[in-house]
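From first to last, the protein sequence lines are chains Z and X. Per my numbering, the very first residue in the first sequence carries number 2; after that it's consecutive. Per my numbering, the very first residue in the second sequence carries number 13; after that it's consecutive.
Calculated from the structure, these hints are not laboratory results. Any given hint could be a false lead.
List of simulated lysine-lysine pairs, BS3-like, C-alpha gap at most 25 Å [claimed, not checked]:
| hint | chain 1 | residue 1 | chain 2 | residue 2 |
| --- | --- | --- | --- | --- |
| 1 | Z | Lys82 | X | Lys202 |
| 2 | X | Lys202 | Z | Lys105 |
| 3 | X | Lys202 | Z | Lys85 |
| 4 | Z | Lys82 | Z | Lys70 |
| 5 | Z | Lys105 | Z | Lys70 |
It should be emphasised that the depicted structure is a prediction, and the values quoted were computed from it without experimental measurement.
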Amino acid sequence: MSQSDNSSSPGIRIAGVSKVYSGTSRPAVDDVSLDIADGEFITLLGPSGSGKTTMLSMLAGFVSVSGGKIEIDGRDVSRQKPHKRNLGVVFQQYALFPHMTVTKNIAFPLQQRRMSKAQIAAKVGEALKLVHLEEYADRLPSQLSGGQQQRVALARAVVYHPRALLMDEPLGALDRKLRDELQREIARMHRELGMTFIFVTHDQHEALTLSDRIAVFNEGRVEQVGTPSELYERPETLFVAQFLGESTCFRGTVDVSAGVLRCGGFTPRAPRLDARLDGSDGVAVIRPERLELHTDAAAVPAGHNQVRGTVTEIVYVGNHHQVGLRFPDGTSGSAMRLAGRSLPAVPGEEVTVSWDPEHQSIVADPADEPTSGRAAEPLGAPAGT
Amino acid sequence: MSAPTTSAPPPAAVTNGAGLAGRPRRRAAGWFILPATALLLVFFCYPLGNIIWRSFTDPSAGLGNYTKLLDDGVSVTVLTRTLVTALIVGACTLVIAYPYAYAMTRVTPRTRNLMTVVVLLPFWTSMMARNFAWYMLEQRGGLIDDAFSAIGIGGVVLLGSVAGVAVAMVQVMLPFAVLPLYSGMEGIDKRLLDAATSLGAPRWRAFARVYLPLSLPAVLSGFTLVFILTLGFYVTPALLGSPQQSLVPQLIATRVTDLLDFGGAGALGTVLLAITLLALFVVSRFANLSSTTEKAVTNE
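The shape of chain Z in the complex, shown without the other chains (with noise of 0.2 Å):
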């Protein structure tokens, strides 16, 4: 809307952009806007799908833009060329030059920018300090693991100091243990470099150890931007508090004169609602670590909104035991007890649950739409050709 204002401001601005490839109607990325800070690491997640590959090889450059503009530091880069925006791009399947060795690599960008051989090696060797390869300079990228890769990757990123570095699913191809160790990598390097940081996945996981804010996608928009406990604490789309965790979903209907939300039977109250809301269909959402479980009703602490259901399973997940409950309306849920506290009841048994009405988040039931996430492809494929 507001463009001229600001515009000298550092950062990198995405302002209504929309992308349709040809040859399809519904676009891929939809009137996208997103100021991104300087230094900030910041992800965009979101099933497959959802456009935030798309968004990001706009960033890059690769696809074109449809409509609306990119800025880096009030300069407009949307019909740039690729090689002139000074990006970093990392991708999920590495793309290291499988014919040159980790150091030819590395040094690809820097003699792209024409400097000296002496500098070259400086910050090659620089670099792999960095991601702690030192070892592994004369290799080719097929004589290493795939964690390795994807530090010679990092590194051949942001040897050249870009003005932001790209992530695409950076650690799908990852197996589980080198995904936790890369993950710590890449939250030092950004601690140590200060550079602006923009990181595509579909984990939620990754995405709230990770990021400065997250930006969830769904169906080409952005449903809601925050700091990862905004998004998991008060998610404003059912989209966003399914995404983000697990919870506990109690359909009803919105009545914001009385404060509650009317489920069949029971009426949780509701602080602080939204009024546009009102007399709609809504949803109150329940983080598990929320629900407290009593066998006595007497012992639900005041002001607590609570409701009976019934224990289905009890999943012993190592530090907590996952709790699989059944209400009366039908709605399932499930709760968390850390491990080391007493189960109050064994499944099968009815019990209270309980929470305090300050940590559910009522949204818009958007009633005819499967909310469930969507399953994950394997990212890192171009989005479309």
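With chain Z's structure known, arrange chain X on it following the hints.
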């Protein structure tokens, strides 16, 4: 590779290899290739051995047939002309096939199928029909002659010249270059070009520094295939060429059918075979050098 692998885990390429393929059936496989082996032995190995044998014994034992090749005043010229023609045909075929194969990797599957059919079309037309078509095009007053006359360059009659033969051979050889090139290029990760441009290389330099080197093994195998096939091409030079500008296969045919000089023909054939084997040997050395690259490309 004998890199000092003290602590490093095994390279990823190893685990991606044929680990699952079982061995127990290997012995049975021997029986399945028996008919083919027998066929080759009787109809290929025996005659080949016979030809080589006769080149050293017919009409008299010794290297006579080979020394004659050196000083009969014709064979060396023809041999050189054949080699040069094969090199030129190989090079021209690649120049046409490379962009075509590259385009095949960038289009939709539908268009790709169409492009494959177009390449294979010559395979499905009769050899004679194809060569006579070129005959019509290249003769005096043919389409090519007329076209050049129209723009003021008269007398472009390719028929009877090595150039005319080469033009037709390039067309015939195109599939042999396009198909290996395409299969090689298909294994190259397209994102490498994106990666290179994001790192600051303009599109053309990304191509030259990354794509071209990675496609070299495919280029080499396509070139070798065309080169070797061209060396032994008979029908096209016989129809479109001329006796004054003959190539080795024509020379061999003349010796066998007109001169009944089986020893001399055998010697020429053996030399051709030796050149082919040498070419294959050189290429396989190169291919070995680049196999690490290739492996890395295909295992993405």
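Practice problem: Could you tell me which of the hints above the structure violates, numbers in ascending order? | Solution: 5
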